[in-house]
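Peer 1: Sequence:
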Amino acid sequence: MWFFGRKKKDLDTEDKQITLMDQESKVEENVSLLRQERDEGSVEKLNSDVNDTIKRVAKDDLKQLKLLEKGRCPECGWRAEQFLYTSICGHCGWSKRITPDIGKVIIHLDDKRKVECDKAFDVRDGIILCLQDDVITHEIMRKALAYIEYIWTEEEIKKIRQKKAEELSPLCNWCFKPIQDHNRMVTHYIALGLDQERFSFCSEDCAVSFEKQYPTRVHRNCYERDCNDCDNCRKKYDTSKEKAHVPGQV
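All residue numbers for the sequence shown refer to this note's numbering, where the first residue is 1 and numbers rise by one.
The set of hints was computed from the structure by calculation and includes no laboratory data. Don't take every hint at face value.
Unchecked claim - Okay, derived cross-link-like pairs now, DSS-like style, lysine-lysine, Cα gap no bigger than 27 angstroms in a straight line:
#1 K70 - K59
#2 K63 - K212
#3 K212 - K96
As the list claims (entries may be wrong) - DEER-style ranges, computed between Cβ atoms:
#4 L109 - P178: 47 to 53 angstroms
#5 S240 - E149: 28 to 34 angstroms
#6 L46 - E139: 29 to 35 angstroms
#7 W152 - D231: 33 to 39 angstroms
Quick reminder that beta carbons are idealized off the backbone N, C-alpha and C, glycines included.
My request is simple: use the sequences and hints to build the entire structure.
Peer 2: Structure (structure tokens):
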């Protein structure tokens with residue numbers, strides 16, 4: 001979607017029953033009509049087509065998740081910039097935006113009016129859907145849009161920042177103890193295979209021990225090389241950006 005993205009949440013059984021009640025009755029009606037025509041083969045083929053579609057979509061979804069997991073753009077495969085609630089590919093322009101879970105979205109119209117809602121989605125036919133309490137309250141034509149404002153709560157921002165800090169401060173990759181002192185932490189970006197990986201250590205001693213255990217290839221020399229000046233592997237991390245936030249990184 002061009003403007004908006006949203007975290008996927010599984011509906012519980014009761015919500016599914018309410019949401020799909022009308023669709024289920026239509027499915028039963030159509031299946032009944034097919035069976036009245038004694039065309040059981042059509043019903044079986046229909047079920048097979050549905051299952052094939054679900055498998056194909058699931059495969060595509062898994063592929064996208066794996067690419068994002070590796071820091072790659074799911075559209076073109078280039079490295080995507082990862083921010084707190086946004087992923088952006090500077091190569092092809094693909095982006096994924098997430099609206100606040102606790103905060104709200106304010107849609108400013110070109111006539112100076114504004115519409116507040118919990119979630120907003122840019123859907124087909126140039127329409128933006130606004131939802132409040134899980135109910136669509138407004139349909140807005142994209143051409144009437146001035147700009148979108150995201151209202152984030154301090155609680156939500158603090159939560160995601162803490163999560164990111166935990167990701168940047170994992171267990172030591174040599175002694176597997178929690179990294180307590182960030183001033184002593186050493187981080188290496190090396191590629192033992194085709195992809196760049198991040199390894200963090202609680203001290204220089206653990207980093208040196210790791211280097212002796214896992215020497216890199218002669219032509220690569222990851223331990224001494226700046227990732228930004230090297231193109232020998234597929235990059236997952238922007239080391240220049242992360243170095244500014246991780247004391248002790250080499």
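Peer 1: Determine for every hint whether it applies to the structure shown.
Peer 2: Hints, one by one, checked against the model:
no.	hint	in the structure
1	K70 - K59	holds, 17 angstroms
2	K63 - K212	violated, 35 angstroms
3	K212 - K96	violated, 40 angstroms
4	L109 - P178: 47 to 53 angstroms	holds, 50 angstroms
5	S240 - E149: 28 to 34 angstroms	holds, 30 angstroms
6	L46 - E139: 29 to 35 angstroms	holds, 32 angstroms
7	W152 - D231: 33 to 39 angstroms	holds, 36 angstroms
This entry does not satisfy hints 2 and 3, going by the numbered hints stated previously.
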